[in-house]
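Chains as they are written, first to last, in my numbering: chain G, 1 to 384; chain X, 1001 to 1161.
Be aware that one or more of the hints could be misleading.
[Said to hold, decoys possible] Some chain G residues close to chain X (C-beta under 10 Å, calculated; not the full set):
hint : residue
1    : D57
2    : A60
3    : S185
[Claimed, not checked] Computed from the model, here is a short list of chain X residues facing chain G with C-beta under 10 Å:
hint : residue
4    : L1095
5    : R1099
6    : L1145
[What the hints assert, rightly or not] Every beta carbon over 10 Å from chain X, so not counted as near; a handful from chain G, in silico:
hint : residue
7    : A51
8    : L59
9    : S88
10   : I111
11   : Q120
12   : S199
13   : D273
14   : A328
Hints listed in this document are in silico derivations from the structure and should not be mistaken for laboratory results. For each residue, glycine too, the CB sits at the ideal point set by N, CA and C.
Now for the letters of each chain:
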Amino acid sequence: MPDGNGKDTHGAPRLLAVDALRGLIMVFMALDHANLLVAQKHSPGEYWGGAFPIYYDPLAFVTRFLTHLAAPGFFLLMGAGMVLFARSRLARGWSRWAVIRHFLIRGALLIALQLLVVDQIWWLAPAGWGIRIYIGVLFSLGSAMIVGSLLLWLRPVYLLGLALALLIGTELLVPDPSRWGPGMSAFTLVLATPGGIVSGEGPAILWSNYPVLPWLELAVFGLAFGHWLAHDPVAAVRRGMIAGGVCLATFLGVRYLDGFGNIRPRLGDTWIDWLNVVKYPPSIAFTTLTTGINLLVLGAMAQVRGWGQRLLAPLAVYGREPLLFYLAHILLYAGMGHLLAPNGTSLPLMYPFWLLGLLILFPLCLWYGGFKRRQPLRSAWRFA
Amino acid sequence: MTAKRVLILLSLATLVTACGGWGADHGGGTVIMAPFMDEAQGIRGNAPAEGWAERAVLLQQSLTGTADDLTALLAEQTDLIRLPRSIGTYEGRALTWQRYRFETQIPDAGPGIYRVDMGVAQGETAIYLVTLITVSMEYERQAALYESVFTHAMWALTPLG
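Using the sequences plus the hints, can you model the full thing?
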């Protein structure tokens, strides 16, 4: 699994499959946001309460479903990346405290970026935006990074136990769907339960899609996976594939029983209904389905050799620059929406816009990757 | 070299997809269903909340009585004398539905031919109905939407208590 393509100028080997998977889910994330900002066909989210989207068109569903892999993949790979980074820096003489401090700063930076920058950028959405403080994915990733930095040296078995406890525990915290609506405190919204504080008219004061605790489980599982990767990448990938299979089997069981683990029951019995799961917060069905797929894709990518690796390399270009890509792609698709499709597009017509955006982002990521790797290890440029 | 290849591939993909997708009038493909509970009818289920067509009506009801009472009701409100032959069954979460489809005039709704999709389920103490009424020509235009909403409503409808 380790490859020779990804060495930075400081000699740290990178794992091509990990970067390629991150790149793939970033590309899917871009599809979701192109759907929102260019097509203006994005459905309301799959929340624990209130109305729920059903998809009568397979293309609309597949467009949304693919993007489900993104957020859980980010948390998983962030956890794994934290361990690999920590080990790399310890080998270069950093102290444990220096590693923790690095993640505390980086996590705080992600939270600040969400609140000060990304929350403002969303107002550029051509179809409008109505949230003053949005608890989005960067907020939750930053929070998970801060918490995760304190768990870095726990043994994998304890990390797995903690991840499992969070997976089940946070599902138990989800209120009954009949409680959907106003009345939740900001503390609850940020920590545990998606929803919002909405004023009578005008923008919502606060809306939370990514409360910290329900998403932390995947970062913690990622930490365990990172330890496996650091110890023996080949065995780690094998374990990952087994874990992926277990996840998918769990998903099928949970979905079939249609009770605990789904947050709300299936809305029908078509293949789309089976796969159309509650994402906000991530139900056990959502988490096992997406993580199962992500782990199996990672395993498949790790087996690739020769020309296959050359195919993965472009994905890895995106995958090595997630923060730059994240900030740039929202601006880019919002700009495209305003300039080229102010009234939205059909869903098929959105796809070329999505691809065009990727085309524009590729050289940017390629250039920034080269620039970043030439910076000193402690440079702030390496945070992005 | 890799960068060059990916640029070429993405350019080609953009071109091909653009040619294929241009001009296609494709809706959002989504309708939003909201849970409801109707204590008077003794039912709960899901009903369309957003993305729903204006020229369609979805009714979810319960009827105390027998199949004869249902036929009498239909005869009163439409030009049907009796229910046509069932076109199949559908297993919902709580009920087994007989599906019917027919076209009819509905005097109270004004002139024109209406298409009616009806699901009828026999409960322990009542008959349950899911009825989708659309203008026939409208149905052809948005068949996937109507079919999906109709079956999802049947799937979710559950007697209370």
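Those earlier numbered hints the structure runs against, lowest number first: Checked against the structure, the hints that fail are numbers 3, 4, 5, 7, 8, 13, while the rest are satisfied.
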